[in-house]
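Asker: So the chains spell out like this:
4 protein chains.
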Amino acid sequence: MRDFYVDTKFRVRYAETDAMRIVHHSSYIVWYEEGRSEFMRKIGLPYSKIEENGYFFSVVEVKAQYKRPAVYDEEVVVRTRLVEVRTRKVIFYYEVYRASDWTLLSRGKSIHVSVDENNKVTTIPEDYRELLLKYLSVVEYEL
Amino acid sequence: MRDFYVDTKFRVRYAETDAMRIVHHSSYIVWYEEGRSEFMRKIGLPYSKIEENGYFFSVVEVKAQYKRPAVYDEEVVVRTRLVEVRTRKVIFYYEVYRASDWTLLSRGKSIHVSVDENNKVTTIPEDYRELLLKYLSVVEYEL
Amino acid sequence: MRDFYVDTKFRVRYAETDAMRIVHHSSYIVWYEEGRSEFMRKIGLPYSKIEENGYFFSVVEVKAQYKRPAVYDEEVVVRTRLVEVRTRKVIFYYEVYRASDWTLLSRGKSIHVSVDENNKVTTIPEDYRELLLKYLSVVEYEL
Amino acid sequence: MRDFYVDTKFRVRYAETDAMRIVHHSSYIVWYEEGRSEFMRKIGLPYSKIEENGYFFSVVEVKAQYKRPAVYDEEVVVRTRLVEVRTRKVIFYYEVYRASDWTLLSRGKSIHVSVDENNKVTTIPEDYRELLLKYLSVVEYEL
Numbered sequence: 065m066r067d068f069y070v071d072t073k074f075r076v077r078y079a080e081t082d083a084m085r086i087v088h089h090s091s092y093i094v095w096y097e098e099g100r101s102e103f104m105r106k107i108g109l110p111y112s113k114i115e116e117n118g119y120f121f122s123v124v125e126v127k128a129q130y131k132r133p134a135v136y137d138e139e140v141v142v143r144t145r146l147v148e149v150r151t152r153k154v155i156f157y158y159e160v161y162r163a164s165d166w167t168l169l170s171r172g173k174s175i176h177v178s179v180d181e182n183n184k185v186t187t188i189p190e191d192y193r194e195l196l197l198k199y200l201s202v203v204e205y206e207l
Numbered sequence: 065m066r067d068f069y070v071d072t073k074f075r076v077r078y079a080e081t082d083a084m085r086i087v088h089h090s091s092y093i094v095w096y097e098e099g100r101s102e103f104m105r106k107i108g109l110p111y112s113k114i115e116e117n118g119y120f121f122s123v124v125e126v127k128a129q130y131k132r133p134a135v136y137d138e139e140v141v142v143r144t145r146l147v148e149v150r151t152r153k154v155i156f157y158y159e160v161y162r163a164s165d166w167t168l169l170s171r172g173k174s175i176h177v178s179v180d181e182n183n184k185v186t187t188i189p190e191d192y193r194e195l196l197l198k199y200l201s202v203v204e205y206e207l
Numbered sequence: 065m066r067d068f069y070v071d072t073k074f075r076v077r078y079a080e081t082d083a084m085r086i087v088h089h090s091s092y093i094v095w096y097e098e099g100r101s102e103f104m105r106k107i108g109l110p111y112s113k114i115e116e117n118g119y120f121f122s123v124v125e126v127k128a129q130y131k132r133p134a135v136y137d138e139e140v141v142v143r144t145r146l147v148e149v150r151t152r153k154v155i156f157y158y159e160v161y162r163a164s165d166w167t168l169l170s171r172g173k174s175i176h177v178s179v180d181e182n183n184k185v186t187t188i189p190e191d192y193r194e195l196l197l198k199y200l201s202v203v204e205y206e207l
Numbered sequence: 065m066r067d068f069y070v071d072t073k074f075r076v077r078y079a080e081t082d083a084m085r086i087v088h089h090s091s092y093i094v095w096y097e098e099g100r101s102e103f104m105r106k107i108g109l110p111y112s113k114i115e116e117n118g119y120f121f122s123v124v125e126v127k128a129q130y131k132r133p134a135v136y137d138e139e140v141v142v143r144t145r146l147v148e149v150r151t152r153k154v155i156f157y158y159e160v161y162r163a164s165d166w167t168l169l170s171r172g173k174s175i176h177v178s179v180d181e182n183n184k185v186t187t188i189p190e191d192y193r194e195l196l197l198k199y200l201s202v203v204e205y206e207l
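Chains as they are written, first to last, in the working numbering: chain A, 65 to 207; chain B, 65 to 207; chain C, 65 to 207; chain D, 65 to 207.
Hints listed in this document are in silico derivations from the structure and should not be mistaken for laboratory results.
Same chains, same names: a pair is fine if it fits in one copy or spans any two.
Cross-link-like lysine-lysine pairs, in silico, BS3-like; alpha carbons within 27 Å at most:
| id | residue 1 | residue 2 |
| --- | --- | --- |
| 1 | K184 | K113 |
| 2 | K73 | K106 |
| 3 | K131 | K173 |
| 4 | K153 | K113 |
| 5 | K173 | K106 |
| 6 | K184 | K131 |
| 7 | K73 | K113 |
| 8 | K173 | K113 |
| 9 | K106 | K198 |
| 10 | K173 | K153 |
| 11 | K113 | K131 |
| 12 | K198 | K73 |
| 13 | K131 | K73 |
| 14 | K153 | K198 |
Let the hints inform the model, and build the full structure from the sequences given.
Answerer: Shown next, in the form of structure tokens:
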């Protein structure tokens, strides 16, 4: 089984917490995106470049599971994997850990379709797809 | 089949949009919560009251599907249903529509467990559960 | 003294609170914008229309004062006034009240310059400016 | 003139952008807070610790100026200084730079009062204040 992932580490912002004194569940969706951005940058295909070329990886589905809460100021790690690459679709899988003891806080995935500037579904350019396939992980994930 | 839902209408905020000129996908998670809040208020059990009594409906899972984009300034409607009520768990189901023509923009659900002030899973108080059951929808939903 | 204002009422979202159990200070900036959007819509010049015509009211300065905290689920009113209209610049002034007892929660202002699609400062179109001037308030405001 | 500052570097998140394709002005308020958090951590007085001891630096005023836009994926640096320390009040001053060429993007300040758990204004504990005074900058700032 092939496995490749990119870890992104950052601290919880105060603005990301809510009245339960923990990180609001919508913040994890933003964190997944942070992990995805870093993943793309690391494999040499920054998402900003994809957009410059007129392509967008539009989000069609997101799923998130919350295991343990994160709190203000602690460091978290988002571990991002690319788990599916099709002609028009990619799927990313995420795990969020508390950095201090590697407790799993959250698990999620996002499904994206390739669209052009008019929001029309389009084939992922061949060279992009080849590059993405090199970093595809073949792992079991429960989601 | 029994069906009960609460509709919440509001306008898209500029801050909720992103560089694709459409609403960022994380904003829908906040909108679902807005719908859930209104639902609870309408059935006479505002969530702020639940918290005052030391209970919290902690989010353990969220799923969202994105069908069409929403843009700045347009009115959207979040239609919220309660689709499952167990001793410690509830599930809400959401549909987001563009108000002008009732185009379906997004569909989602959230799973919550009842926890106490120490974040320990606990049984939903009997009177809360009875009230919730009155407003349970028995509908098919694809998610 | 001429006075004209637009009131916008909505409920505090859970996602807008923070670990102090009150609304995070950055949320008020978003609320001001909500008030400004409603103001523009009410005077017949929705901001989305201005953008369609290739103009943007770019924010160059924001100031906010926080008097009392707002909490989850309570209704707030944003009272918005246009307090200055120049050839390239407009200033809005905001007051945020708790709806239940009209306690003043926050006071703020935002300064905007008119820019075109290339982010170049430009004169506000004459017909826009004339319309805006009709709704200008001549009030003292402490900020 | 004494000067002390803490630099915090991070990348612009997609969720922080808006339909103008640039970072939304409310995001800078969150970035200032990020800078302030890092400042406190660096001087050995993490804000999370202050809260544990029952003190809060409640925000009473924020001011932000926007010079140039930031865009998705670029690195920014928040330079944070403590510019005033009184018995119950502190003022922080911020500059946000584009990391690649040190272009100034934004300038801001935030005023905080020390409150206890009941949101009552209180004197900053003597040992905290002494520590803070060591890192006070005596600089001119235009705001």
